[in-house]
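Novice: The listed protein sequences correspond, in order, to chains D and E. Heads up, the first sequence is in our numbering, so the first residue is 1 and it goes up one at a time. Heads up, the second sequence is in our numbering, so the first residue is 1001 and it goes up one at a time.
Quick caveat, the hints were computed from the structure, so don't treat them as lab data. One thing to keep in mind: the hints can contain errors.
Stated by the list, open to error - Not the full set, but computed from the structure, chain D residues with beta-carbon under 8 Å of chain E:
| hint | residue |
| --- | --- |
| 1 | 33 |
| 2 | 41 |
| 3 | 42 |
| 4 | 43 |
| 5 | 45 |
| 6 | 49 |
| 7 | 88 |
| 8 | 97 |
| 9 | 98 |
| 10 | 99 |
| 11 | 100 |
| 12 | 101 |
| 13 | 103 |
| 14 | 105 |
To be verified - Taking lysine-lysine and the DSSO-like style, the derived pairs with C-alpha atoms no more than 30 Å apart in a straight line are:
| hint | chain 1 | residue 1 | chain 2 | residue 2 |
| --- | --- | --- | --- | --- |
| 15 | E | 1057 | D | 70 |
| 16 | D | 69 | D | 26 |
| 17 | D | 56 | D | 69 |
| 18 | D | 26 | D | 56 |
| 19 | E | 1011 | E | 1057 |
| 20 | E | 1057 | D | 26 |
We put the CB at the ideal spot given by N, CA and C, even for glycine.
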Amino acid sequence: SQQGEEDPQALSIQEGENATMNCSYKTSINNLQWYRQNSGRGLVHLILIRSNEREKHSGRLRVTLDTSKKSSSLLITASRAADTASYFCATETPGTSYGKLTFGQGTILTVHP
Amino acid sequence: GAGVSQSPSNKVTEKGKDVELRCDPISGHTALYWYRQSLGQGLEFLIYFQGNSAPDKSGLPSDRFSAERTGGSVSTLTIQRTQQEDSAVYLCASSLRPSSPLHFGNGTRLTVT
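Okay, chain D solo, but in the shape it has when bound (with noise of 0.2 Å):
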């Protein structure tokens, strides 16, 4: 089963706008990972953030993880055209130190030039 849950599970926007994605998770986790996925396309590494991090920034990209709540978030400013694709967070499996992930079910993003 899925340990990330995802919302929205669809997004919808304008260039330019920012777009954010939540990504809920169940166990202990030593770090979060964000991919993004192109339609047809392989996934591709965004981020990582480690447990005892609670923000991370890589360009327009802005990551949050609140272990307490066992959630984060990603935001993506001033969003492009070339943005839109599928994003997933994962998690390492609980007792594993290599990448045993478990992926959410992904949130598309659309971006309308």
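Chain D is already provided as a structure; the job is to place chain E on it using the hints.
Specialist: Chain E only, in chain D's frame:
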């Protein structure tokens, strides 16, 4: 230079036939993973290789599924006596170290008719 390469990109097979899916990881990446992506189940972990060994095969759905990795590089996922429920996109990923972010290939879309 090159990313993770998977072949074939698409495979259509008849129920009951065997199929082999190939993955060429990024050179120097010691860890290799197979995941499966389907509409109903989302992204599921199948197997993890460290070098040529597979310390975690817990995600393989049945004994019809097997995988090997040779020379610490190329990996093959074999599905015997394919069933319609095996239809999915099979994604390969590699990482520099077990705990590093994953680099995914574009996947093999398997359709069992």
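Novice: Run every hint past the structure and note whether it holds.
Specialist: How the hints compare with the structure:
no., hint, result
1, 33, "holds (6 Å)"
2, 41, "holds (5 Å)"
3, 42, "holds (3 Å)"
4, 43, "holds (4 Å)"
5, 45, "holds (4 Å)"
6, 49, "violated (12 Å)"
7, 88, "holds (7 Å)"
8, 97, "holds (5 Å)"
9, 98, "holds (4 Å)"
10, 99, "holds (5 Å)"
11, 100, "holds (5 Å)"
12, 101, "holds (7 Å)"
13, 103, "holds (4 Å)"
14, 105, "holds (5 Å)"
15, E/1057 <-> D/70, "holds (28 Å)"
16, D/69 <-> D/26, "holds (9 Å)"
17, D/56 <-> D/69, "holds (17 Å)"
18, D/26 <-> D/56, "holds (21 Å)"
19, E/1011 <-> E/1057, "holds (23 Å)"
20, E/1057 <-> D/26, "holds (23 Å)"
The structure is inconsistent with hint 6 alone, although it conforms to all the rest.
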